[in-house]
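Visitor: Protein chains in written order, with my numbering: chain W, 1 to 113; chain P, 1 to 112.
Hints in this document: simulated from the structure, not taken from any laboratory.
The C-beta atom is built at its ideal place from N, Cα and C for all residues, glycine as well.
Be careful, since some hints might not be right.
[Stated by the list, open to error] So, partial list: chain P residues that the calculated Cβ filter (under 8 Å) puts toward chain W:
hint : residue
1    : Lys41
2    : Ile45
3    : Phe103
4    : Gly106
[To be verified] Only pairs whose alpha carbons sit at most 27 Å apart, straight line, appear in this in silico DSSO-like list of lysine-lysine:
hint : chain 1 : residue 1 : chain 2 : residue 2
5    : P       : Lys44     : P       : Lys71
6    : P       : Lys105    : P       : Lys52
7    : P       : Lys36     : P       : Lys79
8    : P       : Lys41     : P       : Lys24
9    : P       : Lys79     : P       : Lys52
10   : W       : Lys49     : P       : Lys24
11   : P       : Lys40     : P       : Lys71
12   : P       : Lys79     : P       : Lys41
13   : P       : Lys52     : P       : Lys36
14   : P       : Lys44     : W       : Lys24
15   : P       : Lys79     : P       : Lys44
16   : P       : Lys24     : P       : Lys36
17   : P       : Lys41     : W       : Lys49
18   : P       : Lys44     : W       : Lys69
19   : P       : Lys79     : W       : Lys24
20   : W       : Lys69     : W       : Lys49
21   : P       : Lys36     : W       : Lys49
22   : P       : Lys71     : P       : Lys24
23   : P       : Lys40     : W       : Lys49
24   : P       : Lys24     : P       : Lys79
25   : P       : Lys41     : P       : Lys105
26   : P       : Lys71     : P       : Lys52
27   : W       : Lys49     : W       : Lys24
28   : P       : Lys105    : P       : Lys40
29   : P       : Lys105    : P       : Lys71
30   : P       : Lys44     : W       : Lys49
31   : P       : Lys40     : P       : Lys79
32   : P       : Lys44     : P       : Lys24
33   : W       : Lys49     : P       : Lys71
34   : P       : Lys36     : W       : Lys24
35   : P       : Lys105    : P       : Lys24
36   : P       : Lys41     : W       : Lys24
37   : P       : Lys79     : W       : Lys49
38   : W       : Lys69     : W       : Lys24
39   : P       : Lys36     : P       : Lys105
40   : P       : Lys71     : P       : Lys36
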Amino acid sequence: AQSVTQPDARVTVSEGASLQLRCKYSSSVTPYLFWYVQYPRQGLQLLLKYYSGDPVVQGVNGFEAEFSKSNSSFHLRKASVHWSDSAVYFCAVSMGGGRALIFGTGTTVSVSP
Amino acid sequence: ETAVFQTPNYHVTQVGNEVSFNCKQTLGHDTMYWYKQDSKKLLKIMFSYNNKQLIVNETVPRRFSPQSSDKAHLNLRIKSVEPEDSAVYLCASSPGQYTEVFFGKGTRLTVV
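Excised from the complex, chain P in its bound form (with noise of 0.2 Å):
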């Protein structure tokens, strides 16, 4: 099966702990990215990553940072977690020319 993969898929942590993320695609896709969806259902790309050029979102806080061992796998890192870091966080591939981005199902993020 040919997809994207995401692991956990829910994590509950407390305030100013570390979390990690994974992510891996078997697509074949040259570029990676992370959005974050709020409890709204809103949408905000959070990073792109392609051939080791990491495009930020500027809004995006300095305790996130994104971790790629291969063009396969695109990880998340939370330093320290505040409450408003509550969200589903999904991962998503494409290939390097075209825009079509699939998606994976997402991890569920609670900071208690």
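With the rest of the complex left out, here is chain W (with noise of 0.2 Å):
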């Protein structure tokens, strides 16, 4: 089975700084991977989605990620957050074919002035 660690409950950063959130995962096989962001009293979002090739990928909003195998993890990056990235990111796993998504505990980021 698989399962999603997000180690980081909740993260406060000034704005123009950077940010990174972590995500490990525990799969038998590399999962499909996903980073979603949840703004206040609004469904998820998502921001980028990794499923092979190139371990850095791209998403909306400046936001990247990169893929690490040997490390089971899937990082979510922005050089420079705004106050409107203030939200819950949630990182996911599925194994594809249209089952669910396993989602992690999420990060609550709180970009202040």
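Both chains come to you apart, so use the hints to assemble them.
Guide: Following this line, the structure appears as structure tokens:
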């Protein structure tokens, strides 16, 4: 069975600073990997996804993530955060074929002025 | 506009009542899901529904049941709500052979 660990429950960063959110997965084979963001009182929105190929994937709003098979990780990064990036970020995995996503516990990001 | 639409946005009810939430997707997807998000933001899959095949998370209490009239609709019924059912229920859909999942905005249930 797959599982996802997001070790940081809450991260606070200053506006303009860089951001890295950690995600580690457990799976017998390399799963499909995703990062979603949830703004207050909203559903989840896809930031980026990794299926195969280049381990660095670009997403929306300046986010990127790097897949590492050796570390079983899929960390999310942004070079310079804006106050509007304050939200909850979820890492998720799937084995594909329409199977449900398995989510991590989420990381709440607060961007201070 | 193509998306996943959920109604109602909020619902408050008393213990023991029956509730039903609606979900419609206009994305032409083959698979739909219901997720439960608790007060700590934890997301758990409840049901997956694809081509009339229902996959149930074994931890879901039997008072929960999905109802589908076609592949664009997947409603959720709770027969006799309990306080621990207070949560946000998120409906989602995905193309059959791919894995990207699209979410609705959720229905917040409060059981008093």
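Visitor: Each of the hints needs a verdict: does it hold here or not?
Guide: Here is how each hint holds up against the structure:
1. Interface hint status for Lys41 (chain P): upheld, as the beta-carbon distance to the closest one in chain W is roughly 5 Å, under 8 Å.
2. For Ile45 (chain P), the suggested interface contact is upheld, since its CB lies about 4 Å from the closest CB of chain W, less than 8 Å.
3. With 8 Å as the threshold, the beta carbon of Phe103 (chain P) comes within range of chain W, its nearest partner Cβ sitting at about 4 Å, so the hint holds.
4. Interface restraint check for Gly106 (chain P): the shortest CB-CB distance to chain W comes to about 6 Å, inside 8 Å, so the restraint holds.
5. Taking the CA atoms of Lys44 (chain P) and Lys71 (chain P), the gap is near 22 Å; set against the 27 Å cutoff, the hint holds.
6. In summary, the hint linking Lys105 (chain P) to Lys52 (chain P) is supported, as the alpha carbons are separated by about 24 Å, within the 27 Å threshold.
7. Straight-line distance between C-alpha atoms of Lys36 (chain P) and Lys79 (chain P) comes to about 16 Å, which keeps the hinted pair within the 27 Å bound.
8. Of the pairs offered as hints, the one joining Lys41 (chain P) and Lys24 (chain P) holds, with about 23 Å between alpha carbons and a cut-off of 27 Å not exceeded.
9. With a CA separation close to 21 Å, the supplied pair Lys79 (chain P) and Lys52 (chain P) stays within the 27 Å bound.
10. Proposed proximity of Lys49 (chain W) and Lys24 (chain P) is supported: the alpha carbons are some 24 Å apart, at most 27 Å.
11. A hinted pair counts as satisfied when its Cα atoms are at most 27 Å apart, and Lys40 (chain P) with Lys71 (chain P) does not qualify at roughly 31 Å.
12. Between Lys79 (chain P) and Lys41 (chain P) the CA atoms are separated by roughly 24 Å; this keeps the pair inside 27 Å, and the hint holds.
13. In summary, the hint linking Lys52 (chain P) to Lys36 (chain P) is supported, as the alpha carbons are separated by about 21 Å, within the 27 Å threshold.
14. Only pairs whose Cα atoms come within 27 Å are accepted, and Lys44 (chain P) paired with Lys24 (chain W) is accepted, the gap being roughly 18 Å.
15. Note on Lys79 (chain P) and Lys44 (chain P): the hinted pairing holds, with a Cα-Cα distance of about 20 Å set against a maximum of 27 Å.
16. Proposed proximity of Lys24 (chain P) and Lys36 (chain P) is supported: the alpha carbons are some 17 Å apart, at most 27 Å.
17. The hinted pair formed by Lys41 (chain P) and Lys49 (chain W) meets the criterion: a straight-line CA distance of about 21 Å does not exceed 27 Å.
18. Of the supplied pair hints, the one linking Lys44 (chain P) and Lys69 (chain W) holds, its CA atoms being roughly 25 Å apart against a limit of 27 Å.
19. Restraint check: the Cα-Cα separation between Lys79 (chain P) and Lys24 (chain W) comes to about 37 Å, which exceeds 27 Å; the hinted pair is violated.
20. Taking the CA atoms of Lys69 (chain W) and Lys49 (chain W), the gap is near 15 Å; set against the 27 Å cutoff, the hint holds.
21. For the hint linking Lys36 (chain P) to Lys49 (chain W), the alpha-carbon distance of about 22 Å falls within 27 Å, and the restraint holds.
22. Taking the CA atoms of Lys71 (chain P) and Lys24 (chain P), the gap is near 9 Å; set against the 27 Å cutoff, the hint holds.
23. Between the alpha carbons of Lys40 (chain P) and Lys49 (chain W) the distance comes to roughly 24 Å, so the proposed pair stays at or under 27 Å and holds.
24. For the suggested pair Lys24 (chain P) and Lys79 (chain P), the alpha carbons sit about 21 Å apart, so the restraint of at most 27 Å is met.
25. Among the hinted pairs, Lys41 (chain P) with Lys105 (chain P) is consistent with the structure: their alpha-carbon atoms are about 14 Å apart, no more than 27 Å.
26. Taking the CA atoms of Lys71 (chain P) and Lys52 (chain P), the gap is near 8 Å; set against the 27 Å cutoff, the hint holds.
27. For the proposed pair Lys49 (chain W) and Lys24 (chain W), the alpha carbon gap of about 15 Å is at most 27 Å, so the pair holds.
28. This hinted pair checks out: Lys105 (chain P) and Lys40 (chain P) have alpha carbons roughly 17 Å apart, not beyond 27 Å.
29. With a C-alpha separation of about 19 Å, the suggested pair Lys105 (chain P) and Lys71 (chain P) falls inside the 27 Å cut-off, and the hint holds.
30. With a C-alpha separation of about 20 Å, the suggested pair Lys44 (chain P) and Lys49 (chain W) falls inside the 27 Å cut-off, and the hint holds.
31. Restraint check: the Cα-Cα separation between Lys40 (chain P) and Lys79 (chain P) comes to about 24 Å, which is no more than 27 Å; the hinted pair holds.
32. Between the alpha carbons of Lys44 (chain P) and Lys24 (chain P) the distance comes to roughly 20 Å, so the proposed pair stays at or under 27 Å and holds.
33. The suggested pairing of Lys49 (chain W) with Lys71 (chain P) holds, with an alpha-carbon distance near 25 Å, which does not exceed 27 Å.
34. A threshold of 27 Å between alpha carbons decides the hint, and for Lys36 (chain P) with Lys24 (chain W) the separation of about 22 Å falls inside it, so the pair holds.
35. Between Lys105 (chain P) and Lys24 (chain P) the CA atoms are separated by roughly 12 Å; this keeps the pair inside 27 Å, and the hint holds.
36. Distance check on the hinted pair: Lys41 (chain P) and Lys24 (chain W) sit about 18 Å apart at the alpha-carbon level, within 27 Å; holds.
37. Straight-line distance between C-alpha atoms of Lys79 (chain P) and Lys49 (chain W) comes to about 37 Å, which puts the hinted pair past the 27 Å bound.
38. Among the hinted pairs, Lys69 (chain W) with Lys24 (chain W) is consistent with the structure: their alpha-carbon atoms are about 10 Å apart, no more than 27 Å.
39. At most 27 Å may separate the alpha-carbon atoms for a hinted pair to count; Lys36 (chain P) and Lys105 (chain P) meet this at roughly 12 Å.
40. For the hint pairing Lys71 (chain P) with Lys36 (chain P), the CA-to-CA distance comes to about 20 Å; that is within 27 Å, so the pair holds.
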